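Undergrad: Residue numbers (our numbering), protein chains in the order written: chain A, 1 to 98; chain B, 1 to 325.
Quick caveat, the hints were computed from the structure, so don't treat them as lab data. Owing to the predicted nature of the structure, the values given are computational and were not obtained by experimental measurement. Every residue, glycine too, gets a C-beta built ideally from N, C-alpha and C. Don't take every hint at face value.
[What the hints assert, rightly or not] Residues from chain B shown here face chain A by an in silico Cβ test under 10 Å; the list is partial: (1) Phe82; (2) Arg247; (3) Ala255; (4) Ala265.
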Amino acid sequence: MNPVTLFHLSEPLAWRALDGTWVVYQARTGAMYPLDTLAATVLTLLESAPLPTAELVSQMASESGLLADSVLADSIQDTLAQLCQLGLVAAVGGPPAW
Amino acid sequence: MRLGQLPGRELQRRLQGDGLTLRTGPFGFRLRSPLPLVAQGLAQLYAQMPLIDDGRFIDFSLDIQHGSGLHRWLRPQACFRFDGQAVFEPLPAGHAYPLLEWAMNWCISTHAHQYLILHAAVLERGGGALLMPAPPGSGKSTLCAALALSGWRLLSDELALVSVSDGRIWPLCRPVGLKNASIDVIRGFAPHAEISRVTQGTAKGSVAHMKVPDAHVARMDEAAKTRWVVFPRFQAGASTMLARRPRADTLVELARNAFNIAVQAEAGFHMLADMVEGAGCFDFRYSNLPEAVASFDCLAGGELLPAGRLASTADPLAQTLVVTP
Numbered sequence: 001m002n003p004v005t006l007f008h009l010s011e012p013l014a015w016r017a018l019d020g021t022w023v024v025y026q027a028r029t030g031a032m033y034p035l036d037t038l039a040a041t042v043l044t045l046l047e048s049a050p051l052p053t054a055e056l057v058s059q060m061a062s063e064s065g066l067l068a069d070s071v072l073a074d075s076i077q078d079t080l081a082q083l084c085q086l087g088l089v090a091a092v093g094g095p096p097a098w
Numbered sequence: 001m002r003l004g005q006l007p008g009r010e011l012q013r014r015l016q017g018d019g020l021t022l023r024t025g026p027f028g029f030r031l032r033s034p035l036p037l038v039a040q041g042l043a044q045l046y047a048q049m050p051l052i053d054d055g056r057f058i059d060f061s062l063d064i065q066h067g068s069g070l071h072r073w074l075r076p077q078a079c080f081r082f083d084g085q086a087v088f089e090p091l092p093a094g095h096a097y098p099l100l101e102w103a104m105n106w107c108i109s110t111h112a113h114q115y116l117i118l119h120a121a122v123l124e125r126g127g128g129a130l131l132m133p134a135p136p137g138s139g140k141s142t143l144c145a146a147l148a149l150s151g152w153r154l155l156s157d158e159l160a161l162v163s164v165s166d167g168r169i170w171p172l173c174r175p176v177g178l179k180n181a182s183i184d185v186i187r188g189f190a191p192h193a194e195i196s197r198v199t200q201g202t203a204k205g206s207v208a209h210m211k212v213p214d215a216h217v218a219r220m221d222e223a224a225k226t227r228w229v230v231f232p233r234f235q236a237g238a239s240t241m242l243a244r245r246p247r248a249d250t251l252v253e254l255a256r257n258a259f260n261i262a263v264q265a266e267a268g269f270h271m272l273a274d275m276v277e278g279a280g281c282f283d284f285r286y287s288n289l290p291e292a293v294a295s296f297d298c299l300a301g302g303e304l305l306p307a308g309r310l311a312s313t314a315d316p317l318a319q320t321l322v323v324t325p
């Protein structure tokens, strides 16, 4: 059985919304990144608890009214990959799908 | 007592002895140097600065000394020492005065972590601070000098000192560094401006410094809250243009211009975000200095356009405010 990959914030993050765009601050590196709404929502959900992709898709759909389909799942997957690359998010429990 | 009240011989005696102690902005400096160019530069550019004669705390002690060994006579050098330690590579003795200015910048930017320090010019008008971060070569200092000579109060040409407690910006009131063509541009713009002798052949080219107007030094203890963040860019032949800039992007760019954001950490991030949130954020392009100054006067007066159309944030095309065609 393949273990489920859980995603979590690599460290506590600070963020601010300025005119609808989120900017996240990573204290460990001192880096700041502007985020689109999808990335900001993913981080907000992961701030509450580590989640697998499927659960992120489900929660995102219920919060935003979007359809929990493969388009949304692919977008979240891409976003997670980028957030992992920036070191804002980490995966545990198994290798990420990408 | 002001530096300009010291007789020339006394100035030299102090510089060659225990040191000349003066205050610029919130910092006390003890300066020592036997090099005549340092004394001449200080006498010309720091005449209105208050001396510290009352045992007040000295933040930075720095020396601009002769080179050692053969360099005392052969290809004479100027060497910067901070608390007795050599910091930079020695420079030709003829570069002694710019070296002093760069050394003072270094002392502040690497030690004064009670402030969030941004690489930016700061001026004030009507109680609001205009913050202009920009890389070298952007025309920031030229614009800063012209504004300081046109009704804007100079807080700093190079280092913005942001208070970590309330986000206000504190003046430094040090001379404005001018490079290459900008020296003659400012001479032409304001023949009354007091500009030091030109030092040729530095790493930055020809450099000179413009004295801060006396009235600005007299208000050296008045901080100001940021009202505008403007990223200037000189572009030969370009029309003057002021364009709105997204605040999130402005925040990220301001952080890139911070010397010590890592030291200030999350508090610094929120401070910068607060600053950006409360300010008008713009990109500014110019080639004509009087036009550029007129644009800033309009900005301070609450008018974005002396001629042309007013921007609507709903119209992406109108995000660019062409000040003059």
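Undergrad: Please verify that hint: Arg247 (chain B), Cβ, nearest Cβ of chain A, below 10 Å or not.
TA: Holds. Min distance 4 Å.
Undergrad: Go through the hint on Ala265 (chain B) and say holds or violated, using the shortest Cβ distance to chain A against 10 Å.
TA: Ala265 (chain B) check passes; min Cβ-Cβ to chain A is 5 Å, inside 10 Å.
Undergrad: With 10 Å as the cut and Cβ atoms as the points, is Phe82 (chain B) at the interface with chain A?
TA: violated, 25 Å
Undergrad: Does Ala255 (chain B) pass the interface check with chain A, least Cβ-Cβ distance below 10 Å?
TA: holds, 5 Å
In summary, the structure is inconsistent with hint 1 from the numbered list given earlier, while agreeing with all the others.
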